[in-house]
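Make a model of the complete structure from these sequences and hints.
According to the numbering used here, the sequence shown holds residues 2 to 104 in order.
These are computed hints drawn from the structure, not numbers from a lab.
Each hint should be verified, as a subset may be incorrect.
[What the hints assert, rightly or not] Derived DMTMM-like pairs (lysine to aspartate or glutamate); straight-line CA-CA distance at most 20 Å: (1) Lys-49 x Glu-22; (2) Lys-54 x Glu-97; (3) Lys-54 x Glu-14; (4) Lys-49 x Asp-10; (5) Lys-54 x Glu-22; (6) Lys-60 x Glu-97; (7) Lys-27 x Glu-15; (8) Lys-27 x Glu-58; (9) Lys-60 x Glu-22; (10) Lys-54 x Glu-26; (11) Lys-27 x Asp-89; (12) Lys-27 x Glu-55; (13) Lys-27 x Glu-81; (14) Lys-60 x Asp-101; (15) Lys-8 x Glu-22; (16) Lys-54 x Asp-89; (17) Lys-18 x Glu-97; (18) Lys-76 x Glu-97; (19) Lys-49 x Asp-89; (20) Lys-49 x Glu-97; (21) Lys-60 x Glu-81; (22) Lys-8 x Glu-55; (23) Lys-8 x Asp-70; (24) Lys-18 x Glu-41; (25) Lys-76 x Asp-42; (26) Lys-76 x Asp-101; (27) Lys-60 x Glu-15.
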Amino acid sequence: MQYQLMKLDNNIEEQTKSLFEFILEKGDITELANPRTLVEDWHSGAIKIFVAKENNEIKAVKVILVIKDPIYAMKYHLIESLAVGINDQGFNAYVESALDMYR
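The following block contains the structure:
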């Protein structure tokens, strides 16, 4: 299994399409109440999208909202807003490790 933080590239339409297709297939359509906001927040860095892939196919997605504390410098609040797909311990550990910089 391969884990990664999805970063926007020149093919944002294809990235977004594959992400939404997976979420809608494995999750609940209400979890994508406002797809435009999700893409805008992804682009601005307000959310981090992590994926687990096997043979270049998405197996799990986690979307984490990163909120900078308005009072304390260098303090962030992390909110897991979406978790869809397999529950893989390696994937969970990868996401936690990647978010350590915000703790």
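Each hint, compared with the structure:
1. Lys-49 x Glu-22: holds (18 Å)
2. Lys-54 x Glu-97: holds (17 Å)
3. Lys-54 x Glu-14: holds (19 Å)
4. Lys-49 x Asp-10: holds (14 Å)
5. Lys-54 x Glu-22: Measuring from Cα to Cα gives roughly 14 Å; hence the hint holds.
6. Lys-60 x Glu-97: Answer holds: Lys-60 to Glu-97 is near 18 Å, not above 20 Å.
7. Lys-27 x Glu-15: Roughly 18 Å between the alpha carbons, so the hint for Lys-27 and Glu-15 holds.
8. Lys-27 x Glu-58: holds (13 Å)
9. Lys-60 x Glu-22: Status holds; Cα separation ~12 Å.
10. Lys-54 x Glu-26: With Cα atoms ~15 Å apart, Lys-54 and Glu-26 stay inside 20 Å; holds.
11. Lys-27 x Asp-89: holds (15 Å)
12. Lys-27 x Glu-55: Given pair Lys-27, Glu-55 holds - Cα atoms ~16 Å apart, limit 20 Å.
13. Lys-27 x Glu-81: holds (17 Å)
14. Lys-60 x Asp-101: Violated, because 23 Å separates the two Cα atoms, which is more than 20 Å.
15. Lys-8 x Glu-22: Roughly 18 Å between the alpha carbons, so the hint for Lys-8 and Glu-22 holds.
16. Lys-54 x Asp-89: holds (11 Å)
17. Lys-18 x Glu-97: violated (26 Å)
18. Lys-76 x Glu-97: holds (16 Å)
19. Lys-49 x Asp-89: Given that 20 Å is the threshold and the Cα spacing comes to 18 Å, the pair holds.
20. Lys-49 x Glu-97: holds (12 Å)
21. Lys-60 x Glu-81: Distance ~17 Å between Lys-60 and Glu-81 Cα, so the pair holds.
22. Lys-8 x Glu-55: Given that 20 Å is the threshold and the Cα spacing comes to 18 Å, the pair holds.
23. Lys-8 x Asp-70: violated (23 Å)
24. Lys-18 x Glu-41: holds (15 Å)
25. Lys-76 x Asp-42: Roughly 19 Å between the alpha carbons, so the hint for Lys-76 and Asp-42 holds.
26. Lys-76 x Asp-101: holds (12 Å)
27. Lys-60 x Glu-15: holds (17 Å)
The structure is inconsistent with the numbered hints 14, 17, 23, although it conforms to all the rest.
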